[in-house]
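S.K.: As you go down the protein sequences, you meet chains A and B in turn. The UniProt record's numbering puts the first residue of the first sequence at 1, with every later residue one more than the last. The UniProt record's numbering puts the first residue of the second sequence at 1, with every later residue one more than the last.
Everything labelled a hint here was simulated from the structure, so no lab data went into it. There could be a bad hint or two in this list.
[Stated by the list, open to error] Here are some chain A residues the structure puts well away from chain B; computed CB gaps all over 10 Å:
| no. | residue |
| --- | --- |
| 1 | Ala10 |
| 2 | Val15 |
| 3 | Asp21 |
| 4 | Thr45 |
| 5 | Pro48 |
| 6 | His63 |
| 7 | Ala92 |
| 8 | Pro104 |
| 9 | Ser137 |
| 10 | Asn144 |
| 11 | Val147 |
| 12 | Asp149 |
| 13 | Leu155 |
| 14 | Ala157 |
| 15 | Pro165 |
[What the hints assert, rightly or not] What the simulated footprint calls covered on chain A by chain B, stretch by stretch (three residues with Cβ under 8 Å from a Cβ of chain B suffice, anywhere in the stretch; the number is not a length):
| no. | segment |
| --- | --- |
| 16 | 51-60 |
| 17 | 79-89 |
Even for Gly, the Cβ is constructed at its ideal location relative to N, Cα and C.
Number of protein chains: 2
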Amino acid sequence: MSGVYRDDAAWRAAVAERGADELVYWVDDHRYQEGPGALIVGTSTLLPGRIGDEFAVTRGHLHAVADRAELYHCLSGRGVMLLETLDGQSAAIELTPGKAVNVPGHWIHRSVNVGDEPFVTLFCYAADAGQDYAVISDAGGMQNLVVADGDGWTLTANPDHTGYPRP
Amino acid sequence: MSGVYRDDAAWRAAVAERGADELVYWVDDHRYQEGPGALIVGTSTLLPGRIGDEFAVTRGHLHAVADRAELYHCLSGRGVMLLETLDGQSAAIELTPGKAVNVPGHWIHRSVNVGDEPFVTLFCYAADAGQDYAVISDAGGMQNLVVADGDGWTLTANPDHTGYPRP
Numbered sequence: 001m002s003g004v005y006r007d008d009a010a011w012r013a014a015v016a017e018r019g020a021d022e023l024v025y026w027v028d029d030h031r032y033q034e035g036p037g038a039l040i041v042g043t044s045t046l047l048p049g050r051i052g053d054e055f056a057v058t059r060g061h062l063h064a065v066a067d068r069a070e071l072y073h074c075l076s077g078r079g080v081m082l083l084e085t086l087d088g089q090s091a092a093i094e095l096t097p098g099k100a101v102n103v104p105g106h107w108i109h110r111s112v113n114v115g116d117e118p119f120v121t122l123f124c125y126a127a128d129a130g131q132d133y134a135v136i137s138d139a140g141g142m143q144n145l146v147v148a149d150g151d152g153w154t155l156t157a158n159p160d161h162t163g164y165p166r167p
Numbered sequence: 001m002s003g004v005y006r007d008d009a010a011w012r013a014a015v016a017e018r019g020a021d022e023l024v025y026w027v028d029d030h031r032y033q034e035g036p037g038a039l040i041v042g043t044s045t046l047l048p049g050r051i052g053d054e055f056a057v058t059r060g061h062l063h064a065v066a067d068r069a070e071l072y073h074c075l076s077g078r079g080v081m082l083l084e085t086l087d088g089q090s091a092a093i094e095l096t097p098g099k100a101v102n103v104p105g106h107w108i109h110r111s112v113n114v115g116d117e118p119f120v121t122l123f124c125y126a127a128d129a130g131q132d133y134a135v136i137s138d139a140g141g142m143q144n145l146v147v148a149d150g151d152g153w154t155l156t157a158n159p160d161h162t163g164y165p166r167p
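Could you build the full structure based on these sequences and the hints that come with them?
M.R.: Here's what the structure looks like:
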């Protein structure tokens, strides 16, 4: 997860404190079938935390087959699904237990834990979707950051974001 | 739902008692996107009940694009996902809140409410999957029935089942 957070010093300090091998985010996924109609189903668990002002995030991705949608259904905790398109649209949807978001195709997406407990989602997407992580790292991160704002969260523009490739 | 239950007299009596316009099963589904990567996400609510020995069921289907898988995640109630293949395989998976089943492609599937409360599932499948209901009605119903057995449920062979077309 090096390079994911803006405040690299705070990230390094957190890793030094916790140890580099402590998991802060894990995915259990299951592929029950091969072929075009198959789904991958699993759970994603993102521990709470902050690196500087930024809440704990997953790496984030666009699907390698970009039109593939993905369902996230919140099982526990409190999080935000941060969504951006290559042409500059942005959305942030708060998820609490029982709420779900269907991430449409062509949207870069990342989970953010804005609560005090593990943020756990059930996810489901086409097994042929794949993940493109470089679209975020090559752009200096996502366009927006989810940062602490009193007891809540807000979006701020990421000054390191250099723009996505045009779709 | 006429013809879905074996005991047609009990079905007609139940309809007469409740009125033909009382909903016993409904689906709220959402299609957020068109195109090959889209998902349909929604909830299915099946009220409890019995028609003769048979527990309340959904109509059941094979996907028209048969290889399309489908996720069902139980939100409330107690149900069974009854699964069969054209070549004679059969499975029945009990679902309680928090449990999920990934129905692989090529499996006919039907929800059964074996509890006393509405059986509610969150479902998710490829938007191009479609539904083939005739595969069940043309075969005289599914191969197995989910029937009451003391306080629980069991499977019995459906004597009206005339066989599925070979795959």
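S.K.: Each hint should be assessed against the structure and marked as holding or not.
M.R.: Now for the hints, and whether the structure bears them out:
no., hint, in the structure
1, Ala10, "holds, 36 Å"
2, Val15, "holds, 33 Å"
3, Asp21, "holds, 30 Å"
4, Thr45, "holds, 15 Å"
5, Pro48, "holds, 21 Å"
6, His63, "violated, 7 Å"
7, Ala92, "holds, 17 Å"
8, Pro104, "violated, 5 Å"
9, Ser137, "holds, 23 Å"
10, Asn144, "holds, 21 Å"
11, Val147, "holds, 28 Å"
12, Asp149, "holds, 29 Å"
13, Leu155, "holds, 22 Å"
14, Ala157, "holds, 27 Å"
15, Pro165, "holds, 19 Å"
16, 51-60, "violated (count 0)"
17, 79-89, "violated (count 0)"
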